[in-house]
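Engineer: Next come the chains, spelled out residue by residue.
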Amino acid sequence: MPDNNKTSIVVFSGDMDKVFAGFLIATGAAASGMEVSMFFTFWGLKAIQKGSLTGKGLLGRMIGLMNRGGIERVGPSRFNFGGIGRWLFKKMMRDKNVVGLSELLETAIDLDVKLYACKMSMDVMEIAEEDLIDEVSGFMGVAGYIKEASESDVTLFI
Amino acid sequence: MPDNNKTSIVVFSGDMDKVFAGFLIATGAAASGMEVSMFFTFWGLKAIQKGSLTGKGLLGRMIGLMNRGGIERVGPSRFNFGGIGRWLFKKMMRDKNVVGLSELLETAIDLDVKLYACKMSMDVMEIAEEDLIDEVSGFMGVAGYIKEASESDVTLFI
Amino acid sequence: MPDNNKTSIVVFSGDMDKVFAGFLIATGAAASGMEVSMFFTFWGLKAIQKGSLTGKGLLGRMIGLMNRGGIERVGPSRFNFGGIGRWLFKKMMRDKNVVGLSELLETAIDLDVKLYACKMSMDVMEIAEEDLIDEVSGFMGVAGYIKEASESDVTLFI
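Protein chains in written order, with our numbering: chain A, 1 to 158; chain B, 1001 to 1158; chain C, 2001 to 2158.
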């Protein structure tokens, strides 16, 4: 078992299956006793949004509408079929008693996985701090990520 | 040259070009004397499937049909054109004397690269142990992956 | 702050947002005093191409045409809408005073980030050395990458 290790994961993708893989690795690492930080950036921010519509300017509102956030709204990278894929995957996971994304997020929080939001992506996409779930551990720029990553044994970009 | 290093690669993608990159890095690392583990999960499982149709329930059979496995069946992430892309890339690689995916897989096995299949993805997608090639080194959950990754110097998610 | 650390990033993707993330992490790490190497392979080569048409054979010219290089030609992975997305994202980033891709590339060069091109991908895609920008630090095979990666604390595949 890892002794004093640290894992840092950049969650760039907003695809359900990739976000799922990210949380699975994060909770698995935390359960093994590692310190874990997740950095949500670009499309990945979806996973830690409350799900309200975001954006103030025209472009920001467009992005907010087309890419509405919330952990239950992310769709798979393949076979989405305009939203059916999300339902299909959820059903398959439920049928196999695999934990869902919302539960994985809760587990991550319970296991003290740090959830950081990328400040710059929030600015570009016009996502405000209050659009994110309350459990977010902090807002960070690239320097903060680099510090964490350079101290980590496992570094992943998802 | 790396002395006692270890590389662990999560192969999440089922795209030909990404799977190719994964095997290229894996065999390169093994050839440099590193211990290498590859973890095939979600779409990546395709690369170590025999190619038979999989799935028992309706949804599992649907996935098995639409996403039929086998290393020769994976298509590129861009310019697939309904299957022509796969042929085109194979032809370009052959023309340049670049080794193909099947040969890379064999090389990986010869170089003792460990090939692990993600048990949970197999369950969700209804892929049975006998659907995978015989050279699979084992079936693993996230805890097994974390153990390997935390001991690795190079950790990648592809 | 990291003391003697090294970061190595494989840039496999040719998507604007992912390339952007890659350069952001690279420049951030370099600014923190880390040594940084970026390995441009497959579609990622686009980011260090001059932008001239490439390819000699029929297939190579086809790829060169459909996937024309140059840092200003890469489009986002989502919402591209046949090129509008590239403009839209550029506009949003400009509006928020976020640095653009070309400037990030220049900053990376100024901060002495090493830019390596994957020789094999260049061969397969018929991209010649003179098709790449002059600031490329060298041409490398997988063995060269493995050497760098095995000495790095932060290893990412983008």
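Keep in mind that the hints were calculated from the coordinates and are not lab data.
Do not take every clue at face value.
What the hints assert, rightly or not - Computed spacing ranges between beta-carbons, pair by pair:
(1) Lys1090/B with Val2099/C: 37 to 43 angstroms
(2) Met66/A with Arg1061/B: 47 to 53 angstroms
(3) Leu58/A with Met1062/B: 36 to 42 angstroms
(4) Gly2141/C with Asp95/A: 28 to 34 angstroms
(5) Lys1091/B with Asp95/A: 46 to 52 angstroms
(6) Phe2139/C with Lys1090/B: 47 to 53 angstroms
(7) Glu1103/B with Ala143/A: 24 to 30 angstroms
(8) Lys2096/C with Glu1106/B: 46 to 52 angstroms
(9) Arg2068/C with Glu1130/B: 41 to 47 angstroms
Stated by the list, open to error - Derived coverage of chain A by chain B (criterion: at least 3 residues anywhere in the stretch with Cβ under 8 angstroms from a Cβ of chain B; other residues may be distant):
(10) 64 to 71
(11) 105 to 117
Glycine is no exception: its CB is placed at the ideal position from the N, C-alpha and C atoms.
Engineer: Check the structure against each numbered hint from earlier and tell me which ones fail, lowest number first.
Structural biologist: 2, 4, 5, 6, 7, 10, 11
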